[in-house]
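Asker: In my numbering, the protein residues as written are 56 to 559.
It cannot be assumed that every hint is accurate.
The following label-pair restraints were derived from C-beta to C-beta distances [what the hints assert, rightly or not]:
1. T230 with Y328: 41 to 49 Å
2. S548 with F480: 17 to 25 Å
3. S548 with R323: 55 to 63 Å
4. D556 with N471: 20 to 28 Å
The calculated EDC-like cross-link candidates involving lysine to aspartate or glutamate, where the alpha carbons are at most 20 Å apart (straight line), are [to be verified]:
5. K140 with E156
6. K296 with E367
7. K140 with D231
8. K326 with E316
9. K303 with D380
10. K479 with E467
11. K194 with D113
12. K366 with D113
13. K201 with D307
14. K326 with E367
Think of the hints as simulated: they come from the structure by calculation, not from any bench.
Just so we're clear, the structure is a prediction, and the values are computed from it rather than from any experiment.
We treat Cβ as the ideally placed atom computed from N, Cα and C, and that holds for glycine.
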Amino acid sequence: MKIRLILLFLVCFSSISFAKITTRFPSSFDDNHLPSDLASKGKELLSYETHYYTQILDHFNYNPQSYQTFQQRYLLNDKYWGGSKKNAPIFVYTGNEGNIEWFTQNTGFMFEIAPHFNALLVFIEHRFYGKSIPYGGNKETAYSNKSTLGYLSSTQALADYATLIIDLKNNLTATDSPVVVFGGSYGGMLAAWFRLKYPHVTIGALASSAPILNFGNITSPYSFNNIITQDFKGESENCYKVIKGIWKQIEDTAKTTGGLEKLRKSFRICKNYISQGSLQNWLSTAFVYTAMTDYPTPSNFLNPLPAYPVKEMCKAIDDPKTGNDMFEKVYGAANIYYNYSGNATCFNLNDHSDPHGLGGWTWQACTEMVMPTDGNNNESIFPVSEWDYNERARFCQSNFGIKPRPDWVTTEFGGNNIERVLKKFGSNIIFFNGLKDPWSGGGVLKDISKSIVAIIAKEGAHHVDLRWSSKEDAEWLRQVRGREVNIISNWLSQYYQSLIDHIY
56 MKIRLILLFL VCFSSISFAK ITTRFPSSFD DNHLPSDLAS KGKELLSYET
106 HYYTQILDHF NYNPQSYQTF QQRYLLNDKY WGGSKKNAPI FVYTGNEGNI
156 EWFTQNTGFM FEIAPHFNAL LVFIEHRFYG KSIPYGGNKE TAYSNKSTLG
206 YLSSTQALAD YATLIIDLKN NLTATDSPVV VFGGSYGGML AAWFRLKYPH
256 VTIGALASSA PILNFGNITS PYSFNNIITQ DFKGESENCY KVIKGIWKQI
306 EDTAKTTGGL EKLRKSFRIC KNYISQGSLQ NWLSTAFVYT AMTDYPTPSN
356 FLNPLPAYPV KEMCKAIDDP KTGNDMFEKV YGAANIYYNY SGNATCFNLN
406 DHSDPHGLGG WTWQACTEMV MPTDGNNNES IFPVSEWDYN ERARFCQSNF
456 GIKPRPDWVT TEFGGNNIER VLKKFGSNII FFNGLKDPWS GGGVLKDISK
506 SIVAIIAKEG AHHVDLRWSS KEDAEWLRQV RGREVNIISN WLSQYYQSLI
556 DHIY
């Protein structure tokens, strides 16, 4: 059985198992709101310069090959920085599994708060992604085998960030400038882990939609799809029932004479390729990613989408104009995700393009990022299935000749009994989770201590707090961002006071 990947944005392994499926992240404000002048500036704040840092290939060994280097890209915005003489802060985004420009352009929150804090902004690209490719920048060589890909890991990435930040601060004579790290999804996981592993480099972390508990037996493998199911069921019971029933209808139709051609026409699939599994995969991808990016304003993160796209999908399914034609109803929903711009004339199920350069996640999901999400119970909108580690192991052995290490993340970073452990050990981490986000089930949803706090938004989606603000933002979202700003302000105030105390 082939396995479909899901972006953790992000990318992770299949949430649904279909046969023959193709492989496819200063001071506090007076109240809990962002100032209106920040919200009004919008994307005019988006600007950055591209820089490269000569990074070592292997931070943890002293073999001759460990000393090889590569050029690691980072983006820098110093427009509002107060400078090293004032020990002005440095805000660093810990890059995800993709092109850093993509994540930078979708992290407006950092740009919008930079003027208030007089902060320098730095967005660091993750090794093996974008233009930060080892082996002379040759992606074909870097991805060619398990020996070269072996240097792609979260621990190596965190060490990259630490060395780059320290070197940058030295070059700017800003050794006393405090660093706060930010990240969303996998980048949020890295931000939280960076604070725990390198507390001498950063004073705090904002970890948005970071499923650091989605490992081992900490989080149920049914959690991910249960949340997606509830997202659609909460909008419309009929919508839920139609989606839940469509998989069997597709399967039955595909078995009939001329059935695949009927499916092709019903879902406007291009003539080059169709199969039952690829069609089911295509549809499930739309439902999964729409649930993840169910933002309260129009967006263009994965695809152009309207505000509240889950609601719009259910409107299409519930449209009385489609009568009892279930295929037409579900096509209308999928069209929201794949063709909201209205430009597509047909959909290519054999399109394996990777515009954001996310392919390296397959390796990471086969080594350390073993995040069980495949479980579907009887209530799920997807067919009943179980999480099967052995299936993952077979896939990884077949593709890379390696065996996953499902317990490594909890060994390296922790996760079990996290409340008890971090209450005594950690500090200064914000965990944001929107409960509409299927990854929220693997997130930290309760305060651990006074300085490790969980901010929960019932209507929130995947790292929605880090996105650009809008005049149409809901009040709850303004409050979330305002609270985050106030917490970061307190971290900085405490840091600057510690500098004064040290001097005197």
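Asker: Now, for every hint given, state plainly whether the structure supports it.
Answerer: Hint by hint, here is what the structure shows:
Between T230 and Y328, the C-beta spacing of about 57 Å breaks the proposed range 41 to 49 Å. Judged by the Cβ atoms, the range 17 to 25 Å given for S548 and F480 holds: they are separated by roughly 23 Å. Judged by the Cβ atoms, the range 55 to 63 Å given for S548 and R323 holds: they are separated by roughly 57 Å. A C-beta distance of roughly 36 Å is found between D556 and N471, which places it outside the suggested range of 20 to 28 Å.
At most 20 Å may separate the alpha-carbon atoms for a hinted pair to count; K140 and E156 exceed this at roughly 29 Å. As the CA atoms of K296 and E367 are separated by approximately 16 Å, the hinted pair is consistent with the 20 Å bound. A distance of roughly 9 Å separates the Cα atoms of K140 and D231; the hinted pair therefore holds under the 20 Å criterion. Using a Cα cut-off of 20 Å, the hinted pair K326 and E316 holds, with the two alpha carbons roughly 9 Å apart.
In summary, the hint linking K303 to D380 is supported, as the alpha carbons are separated by about 14 Å, within the 20 Å threshold. For a cut-off of 20 Å, the pair hint linking K479 to E467 stands: about 17 Å separates their Cα positions. For the hint linking K194 to D113, the alpha-carbon distance of about 17 Å falls within 20 Å, and the restraint holds. Straight-line distance between C-alpha atoms of K366 and D113 comes to about 47 Å, which puts the hinted pair past the 20 Å bound.
In summary, the hint linking K201 to D307 is not supported, as the alpha carbons are separated by about 41 Å, beyond the 20 Å threshold. A distance of roughly 28 Å separates the Cα atoms of K326 and E367; the hinted pair therefore is violated under the 20 Å criterion.
Comparing the model with each earlier hint shows violations of hints 1, 4, 5, 12, 13 and 14; every other hint is respected.
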